[in-house]
Amino acid sequence: MRWILSFLLLGLLAVVQAASSSGNKLLVVLEELAEKSKYSKYLGDLEARGFEITFESPKSDKVALFELGARAYDHLLILPAKSKGLGPQLTPKLLLDFINAGGNILLTLSSSTPTQSALISLLLELDIHLPTDRTALVVDHFNYDTISAAEQHDVVLLPRPDAVRSDLKNFFKGAGKGGEAIAFPRGVGQTLGNNSPLLTPLLRAPRTAYSYNPKDDVEGVEDPFAVGQQLSLITTMQARNSARFTVIGSSEMLEDAWFGAKVQRSQGLSGAAASKEIKTSNQEFAKEVTGWTFNEIGVLKVGKIEHHLNEGEAADQVINPKIYRVKNDITYKIELSEYQWDRWVAFNPEAGDDLQLEFSMLSPFHRLPLKLIYTTTNSTIWTTSFKAPDQHGIFNFKVNYKRPFLSNIEEKNTVTVRHFAHDEWPRSWVISGAWPWISGIAVTVVGWTAFVALWLWSKPVPLKLTTSGKKVV
Amino acid sequence: MAPKRSAREPTPSSATTAQISSTGAGSVPVVPSSKKAASANQSPQDIALGIWKNYLDATPQRTKLIDVFMSFLVVVGVLQFVYCVIAGNYPFNAFLSGFSATVGQFVLTASLRIQTNVENKAEFSSVSPERAFADYVFGSLILHFFCVNFIN
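Protein chains in written order, with UniProt numbering: chain U, 1 to 473; chain X, 1 to 152.
Simulated from the structure, these hints should not be mistaken for laboratory data. Hints should not be assumed to be uniformly reliable.
Said to hold, decoys possible - Here are the in silico distance ranges between beta carbons for each label pair:
#1 X/L96 <-> U/A239: 55 to 61 Å
#2 U/K304 <-> X/I86: 50 to 56 Å
#3 U/K327 <-> X/F150: 50 to 56 Å
#4 U/S363 <-> X/N149: 35 to 41 Å
#5 X/F150 <-> U/E313: 31 to 37 Å
#6 U/P369 <-> X/N89: 33 to 39 Å
#7 X/N89 <-> U/K412: 38 to 44 Å
#8 X/I86 <-> U/K327: 24 to 30 Å
#9 X/K53 <-> U/W425: 49 to 55 Å
#10 X/N89 <-> U/D353: 42 to 48 Å
#11 U/K327 <-> X/A48: 53 to 59 Å
#12 X/S111 <-> U/N310: 36 to 42 Å
#13 X/S111 <-> U/N413: 57 to 63 Å
Cβ coordinates follow ideal geometry from the N, Cα and C atoms, glycine included.
All chains should be modelled from the sequences, with the hints used to inform the complete structure.
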């Protein structure tokens with residue numbers, strides 16, 4: 001009863017805030033407050049979703065990610081600055097500390113302002129690589145906007161991204177109708193290292209795109225930094241603590257000028273005629289990317305976890321006992337919710353994706369799919385039943401669910417599994433295989449009784465005779 | 001009670017030994033017959049028969065009774081072991097207790113035979129046959145208790 005109440009309270013709180021699932025304090029770092037007007041639509045959207053925005057210049061003394069050792073903001077948005085450095089308050093170490101403390105960072109790059117070396121080394125730390133030419137930008141001669149970049153071809157038009165894998169939820173597909181265009185003007189492409197499992201490219205460049213530096217304008221580009229889908233235009237990193245870090249290659253795509261601007265796709269690779277003018281869906285897409293980064297979507301929460309014996313009467317079973325016996329039948333239940341913009345809803349993974357329970361001592365003895373049994377208004381309840389292995393020790397119920405774009409779930413509940421007590425073994429006569437040996441004992445005992453009776457009944461040998469008998473030998 | 005039990009004993013030899021032993025008490029000193037058997041050339045059958053005859057003649061009735069019981073234990077033990085080899089040893093504790101009941105009983109009976117044999121009188125001068133039998137009963141009861149406990 002109490003937990004239902006707390007859920008209600010939590011829901012009320014969510015309605016009041018109607019923002020991110022992890023707080024609404026947002027720090028926007030931009031060099032001059034006058035630049036605010038360039039992003040007025042974007043920042044207006046953020047404010048409308050309930051974020052409390054603080055604007056600071058990187059040069060100002062008041063910029064501080066931490067206050068008295070605790071995180072001062074929940075989210076950080078860094079817009080490109082023309083200055084050479086970002087100051088002592090935004091060093092790569094402090095930014096990483098911010099991520100480790102659970103803060104989310106949205107970093108925007110621009111090819112017109114060279115990226116600060118502090119940010120480059122932060123990105124390197126996360127295995128995200130930027131072109132060595134600081135003014136390099138992404139061009140595509142097949143997918144450019146004919147209205148604004150007929151000559152330069154540096155405004156790349158992209159469709160909405162597909163899911164990284166077919167069994168993953170796609171948070172960035174918009175209405176899912178297709179035919180939309182995202183304008184990516186004069187952006188910086190990134191390449192990703194292979195070693196980090198935490199990185200996921202959100203938006204990849206089209207196959208015909210490449211990165212080049214307009215400053216050294218020569219005939220043809222030799223040895224480009226990266227080409228085609230190697231280039232990640234928007235990169236995400238979700239740390240182990242589920243803190244999120246997103247790099248948007250082009251800050252310009254968040255500007256008012258591109259929110260709803262008219263664009264026209266150039267002639268495609270297929271040779272089809274240029275399509276008609278359409279409005280960019282930058283505004284919706286920026287909302288989704290920002291919402292994901294600031295924990296407004298794709299956040300999972302574990303509700304109640306329940307495990308109990310699955311034997312005998314259901315009424316007299318203890319919930320979440322500390323101890324089980326080997327070969328006990330056990331049932332496990334877990335409740336999951338997903339945050340969606342302003343409230344918790346029932347979580348359902350994409351088709352083909354499985355939620356699994358491990359029953360493990362060092363290594364898993366069972367790894368079982370969890371089945372959906374019940375859906376409430378704001379959660380789903382998953383269950384599985386199994387027989388404890390014939391091995392005593394300290395075991396964990398472990399749900400380890402880590403997917404790109406979903407916050408990590410790693411739930412461990414430790415229980416003891418004991419061996420059979422002396423009086424819990426089946427009696428010998430219950431096991432039909434033991435009957436021959438039971439009768440073996442019975443025959444031995446009966447024979448022994450008969451022998452003792454005969455012995456007592458028979459006459460002892462007279463002592464005199466034995467002595468004489470011995471003499472003979 | 002006791003005679004009835006003996007009639008139920010599966011080996012007919014026990015009945016005959018009982019009959020013979022009633023007279024056998026007097027015929028213990030017939031040992032010379034073995035000397036006589038060794039003197040002449042005889043077929044193996046005759047030799048075996050001679051040994052058997054000599055055993056029947058020279059052994060006290062209680063020792064014969066012990067021998068019958070011991071051979072009975074051997075048969076029961078072998079049967080259990082063969083069953084285990086053929087049908088498998090599940091549940092193993094049942095096999096262990098069933099088999100060790102016969103083996104243990106065999107060992108205890110063998111020691112009773114050694115202690116009560118008239119020919120070992122000199123070695124066990126301090127142990128009377130009655131004392132040996134009481135020890136035997138005590139040991140056997142402990143063995144049976146253990147086996148029944150172990151088979152659960």
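Taking the hints in turn, this is what the structure says about them:
no., hint, verdict
1, X/L96 <-> U/A239: 55 to 61 Å, "holds (58 Å)"
2, U/K304 <-> X/I86: 50 to 56 Å, "holds (54 Å)"
3, U/K327 <-> X/F150: 50 to 56 Å, "violated (22 Å)"
4, U/S363 <-> X/N149: 35 to 41 Å, "holds (38 Å)"
5, X/F150 <-> U/E313: 31 to 37 Å, "holds (33 Å)"
6, U/P369 <-> X/N89: 33 to 39 Å, "holds (37 Å)"
7, X/N89 <-> U/K412: 38 to 44 Å, "holds (40 Å)"
8, X/I86 <-> U/K327: 24 to 30 Å, "holds (29 Å)"
9, X/K53 <-> U/W425: 49 to 55 Å, "holds (53 Å)"
10, X/N89 <-> U/D353: 42 to 48 Å, "holds (47 Å)"
11, U/K327 <-> X/A48: 53 to 59 Å, "holds (58 Å)"
12, X/S111 <-> U/N310: 36 to 42 Å, "violated (54 Å)"
13, X/S111 <-> U/N413: 57 to 63 Å, "holds (59 Å)"
The earlier numbered hints that this structure contradicts are 3, 12.
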